[in-house]
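S.K.: Residues per chain are reported as follows:
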Amino acid sequence: MKIFNLRIVSVMLLLLAFVGAFGLVSAQEDTLNILYWQAPSTLNFYLAGGTKEIDASSLVLEPLARYNEQGEMIPWLVEEIPTVENGGVSEDLTQITWKITPGITWSDGTPLTADDVIFTWQYCTDEATGCSYLEKFDDIVSIEAPDPNTVVITFGVPKPFPYNAFVGQESSILQKAQFEGCVGVAAQGCTDQNFNPIGTGPYVVEEFRANDVITFVANENYREEGKPYFKRVVFKGGGDAESAARAVLETGEADYAWNLQIAPEILNSMASAGLGEVLVAFGTSVERIHLNQTNPDPALGDMRSVWVEDGSNAHPFLTDPVVWQAMSKAIDRGLISSQLYGAAGQPTCNVLPAPPMYASTNNDDCLVQDIPGAIAMLDEAGIVDSDGDGIREYNGIPMRILYQTSTNAVRQSTQALIKQWWSEIGIEAELKNVDAAVFFGGDPASPDTYGKFYADVEMFTNNFAGTDPESYMAQFQCSSISGPENNFLGSNLGRWCNPEYDALVAEMAQTAGVEARAAVAIRMNELIVQSGALIPLVHRGDVSARSNTLEGVLMNAWDAEPWNIADWTRAS
Amino acid sequence: MTQYFIRRVLTLIPTLLVISLVVFAVLELSPSDPVGNLPLTIPEETRAKIREAMGANDPFLVKYVKWLQQFLINEPLNLIEKTTGAQFPGSEERLRIISWQTRSPIIDLVFERIPQTLWVVGTAYLCAILIAIPIGVLSAYKQYSWFDQIGTFLSVVGYSVPTFFMGLLFVIIFSVRLKWFPSVYDTTHVVTDFDSFIHQIRQIMMPVMVLTLFFTAQMSRFTRSAMLENLSQDYVRTARSKGLNERSVVIRHALRNSLIPVVTLVALGIPQIFQGAIITEQIFRVNGLGQLLILAVQGGDLPTVQTLTFIFALLIVIFNLVADLLYAVLDPRIAYN
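If you're matching them up, the sequences are chains S and Z in order.
Position one of the first sequence corresponds to residue -3 (the numbering used here), numbered consecutively onward.
Position one of the second sequence corresponds to residue 2 (the numbering used here), numbered consecutively onward.
Same shape as in the complex, but just chain S (with noise of 0.2 Å):
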């Protein structure tokens, strides 16, 4: 009996050694490996809309036009990118005029003309298709064709900033003969064309399996010569972001890890291993808190944080300067970016942090914390704590406050720090957290969402693709404020409305050239960030990883981050 057990021990510890002695785990020549540890549930991104989706699709679809790593607009399908100066948009600005660079085809051989297209803003813009991306193809009336390689887009107002439909990823062509009889209601069933759609992109979609990997096979039909360099590009998802970190930082088995969420020292513990390195990118997302306006009393029933023109249901304290100034002022950004997210955030003062040109510096005074100078202010202002609590008082209310945020570590660590924070200026935090999916929800029957506020303040992110950030900015008019009319779905979480922005707002759609645009919006910024809407707290970046063997990646947090794969090479 005795013998008898140790025989299989000993025939399992053998067959352990055996097999791992054959040889070690390494990764392969002329085979990507990519891990997206969200893996992508399609490759139709106008019916997903999430990164991973429109990310993974770069490999296959293009767009006309992209962002490069600096922000920049560059021509990828077409052979300049049209201005008034050179013609390619009319003088009124209600026209712009695409030319595709002759000699392009899509991976099966047939030509890339203006027909594709059109066909694509067909495709988005039917209603019963459910296309994610249907706002950039605002305010076009008609696509015309002249002539195979020109698409000339008319729209009904005129667009100081035409570069919204087909520059980006999230705009890219898709092929009409393949997805012709995909639109509408049939959209949702086109499952083959879904998953394996034919592009101009360098790679074309071997085998597609939903939430767990996609291989790539490289292009023959590419339009430049002897690109690209890997054969075989292996997209596989599942697990969490430590375990894709480990893969290409510590087990050199995956060449690229996107979006590593992690604490900052266990990403530079990896990282010291030194088979990869960490690469950052900064975009526009800042991590902020919102002041609700309204008044959340529970008490109030359905008036609960509804915005009422004459102002009467408006927060009993924290539209007050002093009191939003001075909670500000309590916050430790510095601290905030440098231990929970690392080389991953920047302390800012503003909800336009980038690109450069759009970024204020009138409001970097925020960036000190200063406690005494929050609870002098307080003081002052007369707010104090008359019952010895240790709260404040305004006008006779304790100054309690709900705090909510989405469930995430490093979100649930800076409520912790932040409720200190301002217990030691006197007042109070009730920290709660919600479920990602259902804060971020749009249900109007649940309570707990980001739009309907039933809090007193509210942290997340936001941000917005490419540069331009009229629409982005918009957000914060009076008529786009949350409430029972649009099921507390409107972009104006803070209910906050002041007559002055939503004049800039308008100005914003009129106004022409870069620098004029950008001195608009940062007016726009200092109206938002020094009246109270929001306190910002982090300028996020984009976190990801490469192996030391991948070369000629070139981070980029405006476009999709494998924009440039093509280019991706073995080190030799």
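No lab work stands behind these hints: they were computed from the structure.
The C-beta atom is built at its ideal place from N, Cα and C for all residues, glycine as well.
Subject to a maximum C-alpha distance of 27 Å in a straight line, what follows is the list of computed DSSO-like cross-link-like pairs (lysine-lysine):
| # | chain 1 | residue 1 | chain 2 | residue 2 |
| --- | --- | --- | --- | --- |
| 1 | S | Lys172 | Z | Lys50 |
| 2 | S | Lys227 | Z | Lys180 |
| 3 | Z | Lys50 | Z | Lys67 |
| 4 | Z | Lys83 | Z | Lys64 |
| 5 | S | Lys415 | S | Lys428 |
| 6 | Z | Lys67 | Z | Lys83 |
Here are the computed distance ranges between Cβ atoms for each label pair:
| # | chain 1 | residue 1 | chain 2 | residue 2 | range |
| --- | --- | --- | --- | --- | --- |
| 7 | Z | Thr16 | S | Gly180 | 38 to 44 Å |
| 8 | Z | Thr12 | S | Asp236 | 38 to 44 Å |
| 9 | Z | Arg257 | S | Thr403 | 49 to 55 Å |
| 10 | Z | Leu18 | S | Lys223 | 56 to 62 Å |
| 11 | Z | Arg178 | S | Ile70 | 42 to 48 Å |
Dock chain Z against chain S, hints included.
M.R.: Only chain Z this time, still in chain S's reference frame:
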């Protein structure tokens, strides 16, 4: 016995209907938004249109009946068509149950993932059976010996230490330090020859080790107690006094009888294989059925959660019946009439 069988099968149907209604109702009433995980840059009117397109706004009963029809009639037909190549009329317009996340039929997703779940969790279960029974037998035979004490200790450890800790430990030791096994499971790997077979063994080794430890802990304790019960019986003493050698007495007599409850335990545990080992699959990126369920739950993908939960419930009910029948077949003392 046949009467019992028929009766049980007939009770299956209302049981399953009630389960399906409960599963469907509980999930329908949850505050989940199919477009919740889409990026903030998508404006609200677009979200409303997407919700409409996914059929999220139909009333409860309509959705339930549609789902039942799709699940009980359409999908089995599709399955038969896929496996046998036969064609039933109306296969083009047949409504499929579509996942909200991928917009593809859920059954296809399930079938894509069964191979890796079976490879990893199935192998672990098999190994666990092969290891647990000898350990249990020996622990019972040499009760309170050092082997038994160590066996007990390892069982408790295997049962109490969480799989995510074990998994992480193995990854650090075997992948990072020794570089023996890959930590990323390649689901596209096909076994065609000896080399690819060895590669397959290498990549399932770590998740299998983690899971085997967990399953063995349970099974060895159960075998041990069943054996203890039988070894003290009179018939064992009779067998010994007949002059049979120890090996015969233990294996041919005591073990065979103690295997009866163990076999039923094993049969009841088979649905567990299909549920996948959710945590272990996440750690090693095995991307099987467990991961599909977790992703669907996190993404608010109601149809997938409903379908998967119902499939697991179906398997549990069926294997319950199998276990009961096995019990009657193996033990002549049991009669169901």
